[in-house]
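2 protein chains.
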Amino acid sequence: MAEVIPHWLTKQADLHPNGLAIEMDNGEKITFHELKEKSEQLAKKLAGSGIKKNDRIGILATNSITMVAIIHALSYLGAVSVLLNIRLTEREMNFQLNDAGVSLLLTADSLQEQGEKTNAEVVQSFSEIKKLEQKEIELKKEINLADPYTIIYTSGTTGFPKGVVHTYGNHWWSAISSALNLGLKPTDKWLIPLPVFHVSGLSTMIKSVIYGMPVYLMKKFNTETMHQALLFKNITIASVVTMMVSRLVERLPEGESYPAHLRCLLLGGGPAPESLLEKAKEKKVPVFQSYGMTETTSQIVTLRAQDALRKIGSAGKPLMPAQLKINPLSNDDSIGEIQVKGPMVTNGYYNRDKENRELFDQGWLHTGDLGYMDDEGYLYVVDRRSDLIISGGENIYPTEIENVLAEIPEVKEAAVTGKADEKWGEVPVAFVVMNEEVQPEDMMNYLKKHLAKYKLPKEIHFVEELPRNASNKLMKRKLKVK
Amino acid sequence: MAEVIPHWLTKQADLHPNGLAIEMDNGEKITFHELKEKSEQLAKKLAGSGIKKNDRIGILATNSITMVAIIHALSYLGAVSVLLNIRLTEREMNFQLNDAGVSLLLTADSLQEQGEKTNAEVVQSFSEIKKLEQKEIELKKEINLADPYTIIYTSGTTGFPKGVVHTYGNHWWSAISSALNLGLKPTDKWLIPLPVFHVSGLSTMIKSVIYGMPVYLMKKFNTETMHQALLFKNITIASVVTMMVSRLVERLPEGESYPAHLRCLLLGGGPAPESLLEKAKEKKVPVFQSYGMTETTSQIVTLRAQDALRKIGSAGKPLMPAQLKINPLSNDDSIGEIQVKGPMVTNGYYNRDKENRELFDQGWLHTGDLGYMDDEGYLYVVDRRSDLIISGGENIYPTEIENVLAEIPEVKEAAVTGKADEKWGEVPVAFVVMNEEVQPEDMMNYLKKHLAKYKLPKEIHFVEELPRNASNKLMKRKLKVK
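First to last, the protein sequences are chains Y and W. Each residue of the first sequence is one higher than the one before, counting from 1 in this note's numbering. Each residue of the second sequence is one higher than the one before, counting from 483 in this note's numbering.
Excised from the complex, chain Y in its bound form (with noise of 0.2 angstroms):
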């Protein structure tokens, strides 16, 4: 029997009613108890809307405190927010929206005209839902930890991405595991700079609400900005990805340091260079590498702090209660797919029957990516699952941009692969064998139209065949660029 618990914000506005809830980078804060109030008004609101239990909200925002209230709205209608990412082209949102059943899609201001773009039948701006009548109805009291609660979208090696169901019961597990590995202190203070449409910036936001904890929220990532708040806004963890970490180390002069409050930068999103490590170690920057993917619910695996000397390069150990195992290559290999297990783990994708038989073995989570434990336990990734590309933070599947460069005519056949990056930590790069020539900029216009920014590759090289082994497989291995 799944477990019922109070709602969270409720419980939280009762618990801290003036207790910070966000503090956004442009100065706005909102306690516990008036982002009850403004989530519930928002939710008679929608509630006006017909928005029934179950139904697939779409959310296209960027980080702000209506975006969060409206993300606690849907909660007390026991709706589910599908998350969208504000980077993707109209046609890779229609994909989500259909698949995922989206007949409302609610926006910030500044980006209804994208989503009126979307074939969403309804959109709403954030300042349209506000002039709505408020409906008298009686918003859930209760939170079934077995109820699904959110949507985010994923790719997958064949390149059509899927959408992970994250429950409420994923969520508080995550944040329970997270607190179980890091220690709560009634001082804490989490610094978000990373969108809330991710699961890193979500996941987050809902630790808020279960721990009581205020989050220092940015619109977006800006370097001076969070130096700035990391020295005098009493943040003690942060959320990051490698380049914010390698923008950071760079940014702080030389014998400075953060104030000793700062606990830890919690980096997730793709391993991080040794070198930034030891340049972070050497500022007394207070890295905590990690290793988990939406699937997940963000972190699964974390190095803790104490262990970061001495085992820099690994993700850490599986987080209580997480469970994490090797499926090695062949028997007297170390490395083998890393698979995992526990509560904060999604029971499977939306609507992918197959794919959900398919992803798990006994409750296993099969993750494709490659990794080996030390004797002691250390989880080291080798390789992300199958050739997954992650350029700050973002995840790129190869298929993905090889699928939009295969529907140029003139393109024969095409393979993307990832490029070791300084400031993205990895950037996609494209080789295609043509079968007559054409214009850079015609194909690099047309892949603008079709992908979102960030998977656009950064080079693209043209070669007279892909390399192939004797069965005719692509070597993609060969393909690196150094």
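Any given hint could turn out to be false.
Claimed, not checked - DSS-like cross-link-like pairs, simulated, lysine-lysine; straight-line CA separation at most 25 angstroms:
id, chain 1, residue 1, chain 2, residue 2
1, Y, K185, W, K763
2, Y, K311, Y, K284
3, Y, K311, W, K667
4, Y, K233, W, K667
5, W, K623, Y, K325
6, W, K667, W, K715
7, Y, K29, Y, K131
8, Y, K478, Y, K412
9, Y, K423, Y, K448
10, Y, K354, Y, K325
11, Y, K233, Y, K284
12, Y, K412, Y, K476
13, W, K622, Y, K325
14, W, K617, W, K520
15, W, K905, W, K702
16, Y, K38, Y, K52
17, W, K793, Y, K185
18, Y, K325, Y, K311
19, W, K511, W, K527
20, W, K807, Y, K141
21, W, K520, W, K612
22, W, K701, W, K935
23, W, K766, Y, K185
24, W, K599, W, K931
25, Y, K44, Y, K131
26, W, K715, Y, K185
27, Y, K281, W, K667
28, Y, K53, Y, K141
29, Y, K220, Y, K448
30, W, K667, Y, K185
31, W, K667, Y, K284
32, Y, K140, W, K807
Claimed, not checked - Far from chain Y, some chain W residues (derived; all Cβ distances over 12 angstroms):
id, residue
33, D537
34, E603
35, E615
36, A711
37, K715
38, N716
39, R729
40, E764
If you are wondering where the hints come from, they were derived from the structure by calculation, not from laboratory data. Where is the CB? At the ideal position from N, CA and C, for every residue including glycine.
Given chain Y, put chain W in place with the hints provided.
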């Protein structure tokens, strides 16, 4: 679907192998790795005794590392620990052993004789267990939170004790709700001066393996030992009952205080007099009042430090994720029965289907206690359930004593009530109406034979008749002795 997590002790042995798990007041220490090894060895030795999953195994012991390891050992076998109060008489103990269907009783060496007097088919002392051969069986690697783990008996208004079944989930959620309230620091060390056969002691031993936190375990409460430990053993939290707070506040010299890292004396087992709380405040002893019972797997409502001053007398607010409501006695009364709900609340008593149906109202537990909430939602407990007497942290149900008194042929009728006591909080006092005269010593001897010492009436008043109302109902309140 109930959640499955890795075995919590195995997990902590992996995460903090060299972390201190238990330190006894006699200086004995054990790390998480060693505690796991010891518990696994005991499990394999016990496996030879034919213990099967879900078997109820009695444990009769005072606090010790081996006692804790035995409780973990039983979890590796999937068996259920029935924790016996060592102060029970033979008759009381036999009732519980029989009721829970216990055939194997494990005892501390010093209590073996006491154990052998019971009806348990097999009695094994801890030393005898250590001498057994290990049976090579596969121990449990995972915990299903829905499975039962421990049974602790609590009396009821009928005078017949009932076994409260705690699932692993009840313990897990109790630990998590406490962490969400008190926070969680890597430097935390929790002192337990209470018996592990009580839910307060037991639940903290389980917090230890869920948090990876050291516990300072006292064999038995002693003012001087505890005072010195609070001063010199880096204790941050301690579980206490009123009597202990009283002794410590008295012991602490005027003008002195405990180290600043001592952040919480968690006060359970009945309300404390305001005068004592004021004294504690003067000496900066951080007392957190709380409300809970065996059925809620320890505290479910706690007054936080920041509210301690302005809400003296209140038990606080229900912990995240617990719920509380008052079922008013009448329409114009704010006082009513306290009802609670949450994943730390037991699913019911062992083998008591009828009582269990009455115990819950749509998931809400009837506590039988009376209280009210102020306009900010803080709970004030007015009267413990029915006429429960809480003496030195032990629950005493008057009916149980009355039943034994009624067995004495010369006693016509008897009523037992609580009397305020400086040292114990409350003590039981008996009022008896006699058929014919009997020597008070003879009466006491009979009571001593059948009642645990702490249940013995401290006074026996011989009266002509018991106060009854018009409908002949006993008016216990009129028997209150100041």
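Against the structure, the hints come out as follows:
no., hint, result
1, Y:K185 with W:K763, "holds (23 angstroms)"
2, Y:K311 with Y:K284, "holds (16 angstroms)"
3, Y:K311 with W:K667, "holds (23 angstroms)"
4, Y:K233 with W:K667, "holds (21 angstroms)"
5, W:K623 with Y:K325, "holds (13 angstroms)"
6, W:K667 with W:K715, "holds (16 angstroms)"
7, Y:K29 with Y:K131, "holds (22 angstroms)"
8, Y:K478 with Y:K412, "holds (19 angstroms)"
9, Y:K423 with Y:K448, "holds (21 angstroms)"
10, Y:K354 with Y:K325, "holds (23 angstroms)"
11, Y:K233 with Y:K284, "holds (18 angstroms)"
12, Y:K412 with Y:K476, "holds (17 angstroms)"
13, W:K622 with Y:K325, "holds (17 angstroms)"
14, W:K617 with W:K520, "holds (14 angstroms)"
15, W:K905 with W:K702, "holds (17 angstroms)"
16, Y:K38 with Y:K52, "holds (20 angstroms)"
17, W:K793 with Y:K185, "holds (23 angstroms)"
18, Y:K325 with Y:K311, "holds (19 angstroms)"
19, W:K511 with W:K527, "holds (22 angstroms)"
20, W:K807 with Y:K141, "holds (13 angstroms)"
21, W:K520 with W:K612, "holds (10 angstroms)"
22, W:K701 with W:K935, "holds (19 angstroms)"
23, W:K766 with Y:K185, "holds (21 angstroms)"
24, W:K599 with W:K931, "holds (13 angstroms)"
25, Y:K44 with Y:K131, "holds (12 angstroms)"
26, W:K715 with Y:K185, "holds (22 angstroms)"
27, Y:K281 with W:K667, "holds (23 angstroms)"
28, Y:K53 with Y:K141, "holds (14 angstroms)"
29, Y:K220 with Y:K448, "holds (22 angstroms)"
30, W:K667 with Y:K185, "holds (7 angstroms)"
31, W:K667 with Y:K284, "holds (21 angstroms)"
32, Y:K140 with W:K807, "holds (17 angstroms)"
33, D537, "holds (24 angstroms)"
34, E603, "holds (34 angstroms)"
35, E615, "holds (30 angstroms)"
36, A711, "holds (23 angstroms)"
37, K715, "holds (20 angstroms)"
38, N716, "holds (16 angstroms)"
39, R729, "holds (29 angstroms)"
40, E764, "holds (24 angstroms)"
Hint violations for this structure: none, all hints satisfied.
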